[in-house]
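Undergrad: Going down the list, the protein sequences come from chains W and V.
361 is the number that the numbering used here gives to position 361 of the first sequence; each next residue is one higher, with no gaps.
315 is the number that the numbering used here gives to position 315 of the second sequence; each next residue is one higher, with no gaps.
Negatives, chain W to chain V, calculated, CB over 10 Å: (1) 3; (2) 76; (3) 190; (4) 207; (5) 212; (6) 213; (7) 226; (8) 246; (9) 333; (10) 340; (11) 369.
Derived Cβ-Cβ restraints for the label pairs, each shown as a range: (12) V:306 <-> W:116: 49 to 55 Å; (13) V:42 <-> W:72: 50 to 56 Å; (14) W:357 <-> V:25: 40 to 46 Å; (15) V:223 <-> W:110: 43 to 49 Å.
Keep in mind that the hints were calculated from the coordinates and are not lab data.
Every value quoted in this text rests on a predicted model; they were computed, and no experiment measured them.
Yeah, the Cβ is synthetic: ideal placement off N, Cα and C, and Gly gets one too.
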Amino acid sequence: MLEFKSVSPYTLGVELELQVINPHTQDLTRGGPDLLRALEKVAHPGEIKPEITESMIELNSSPHARHDSLLEELHAMRDAVVHTAGSLNLAIAGGGTHPFHRWHERRIFPTERFQQLSSLYGYLAKQFTVFGQHIHVACESGDDAVYLTHQLSRYIPHFIALSAASPFSQGQDTSFETSRLHAVSAFPLSGHMPPVSTWAGFEEFFAKMLGYGIIGSIKDFYWDIRPKPEFGTVEVRICDTPLEVDTAAALAAFVQALAFWLLVERPYPADRVEEGLYLVYGYNRFQATRFGFDATLVDPRSQQSLVLRDDLLATLERLQPFADILGSRTPLARLAAMAGSGANGSAWLRARHEESGALEDVVRHSAHCWAGGV
Amino acid sequence: MDGNISFAFLPALPPALGPAALFGSLLLAGLFGGELARRLKLPRLLGWLLAGLLLGQAGPWLPPGWSLHPLLGETRLFFDVAVGLILFDLGRRLDLTWFKRDRSLLAAALLESALAFAAMAGVLCLFGFTRVEAGLAAAIGLSTSPAVVLLVAREFRAEGQVTERTLALVAINTLLAFLTATTLLSVAHAENAAPWHKTLLHPLYLLLGSVLLGSLAARLVLWGARLLGKGPESKFSQFILLAGMLLAAVGLAHAFQLSVFLALLVFGLACRQWDSRYALLNVDLGGAAQLFYIVLFVLTGASLPLAAVLAAGLPVLAYLAARSLGKAAGVMLTAPFSRITWRQHAWLSLALLPMSGVAIALVHDLTSLYPQFGERLGNLVLAAVVLLEFLGPLAVQAAFKGAGESRPEGDEHA
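Taking the hints into account, I'd like the entire structure generated from these sequences.
TA: Set out below in structure tokens:
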């Protein structure tokens, strides 16, 4: 019924939602439609698409077997977008939220799907002007995808801490490492996949939800991780869009290495879903959004408390042999260095704010960083 | 006790209306007009204009001694402050490096001005005006009204390429209008066998003096902004700095008999281009400026010389057609080289239609210096202003709406 497309396992793809900024005010602006139209005439790899409000665009990479070719493509896409935006007097930035835009000033992108979402969700739709990175990693079968979805949930806090780039929201420092995830949590179908352990089980769940009329397609689940049967992938949707593409590609390499390790070694049972995984899930997720690398996590298996930074460094260490095979030693070293020094996007944005005191400057620096300067 | 009661504490009747009462009455008149326009889904500034127009024509029905006209002379200051604020804002929004990043925009800016100038001057020569007269009228016609474009964009919260490009082109054509008009003024001096110091020195003084004043004001504001810093507590201080310097610049331009408009446009442009350290916050002059804008349009309405339209006759229509076609041709010719669509270029051409009320001031200045240019040329330009004061705002409103860039108030969930 829900056919899971079989593709070459461990291939990678990313989606990056980006901010479209007016360089005069440094506020978000409805430049999305003009920019997309202009990009139709510019040669670039991948795809560039609209998102729910007109101040957003989304870059979609093609599938890649390795990190280095993904990074190369992301660089090419970034350059095309930044250059074209410049000719329209627009700036582009990464980061999970715009620091001071006011959500009610956003305008819904005039496509049928986005208009429907807006009429269904009311103000939530405009508040969904937040910017995330989605990472796809391919699996051989639906059963593998279900297994991987559950096992990756253990690492959701790690991805939150590494990608966090949204400390400011609506003009204020939120005290959170990422404030973007609060916009996601408001949706009724957010959260995580139910504890099914096979693809058949998932299909049964899916059929019920269809039958209730609660969903129309898999797209209606706003889970942190979800299987994407039409692509043959598992999609990790927890990350803030990083401030530059190199971190975005490194995060994708991390997902790939984790998937490789989990599916090759099968270190945890596949015939059932360990209850602990989701008992600690909400707590660990909150800790990471609030405290980043300094979060205190509970390990669902040992029931011990541990510091996120230590567990992340240990995980990256464990993945070394797999990273060697996949050719992603460099990106994982980059993430380890970030964890070691606490240097995620939120720390960088807060430092820029500390320097000048004006959130306009934070946006300006952020756009400069995205364009390839730091 | 003295039986005579003295009423000397009472004012002479009718009481004289001072500037405060005048400013207040103009605002209230604007309020009524604006509300009416809003209900009709028209730009508010049309309502302000209309209110002014009625006030201006109401003279015969007012109590004796209450005529608006003697007071209009006192209002030049309000007018200058309002237009000064608008030109500053226009200049401050324009990042000149955009012309480097999109050469087609630079081409559009130069072409639309050049073609409109050539077309207007050519048509007027055909109607028997001298070359200098035709050139002066064409120079004045170059400028698209910054006030109309900015206020309509703000009222309808227009955002997008048509809006941004219109504002960029308006800044350039306004600048070119000043430069051309001032240069032609010196030619006019020469043709009237004025002494050399008048021919050369006066225009030079006007141009260089105004540019210098604007530049100095910008330097001072940027220096002050650096001292004040940028924290949340500095926002108010920076607002006062800017408001203070703006009013001072208008006053100084007056005192030194320079061009308020050129000085303030340069002030804004310099604030943007020279702020390499981004010291100046994006302070919104907001409500305070809005009051001056209302008064600006009520006054413009009150001083609109309706009679000029009839007096000007056919040439004015030819002049306007030439202006519109020249501008549209300039913009459309660059469409194939641009990153925006043909349709967007068409809306952009339409948005350039409004003619500047500043032209009224320029004509007054000109005719007071050279009465011989007088009536015929003055009537022509004024008639064009009268017609476009009403058509212009509608054109801009239609252009931003047609381009899908505006969003009226209350339309929160669109």
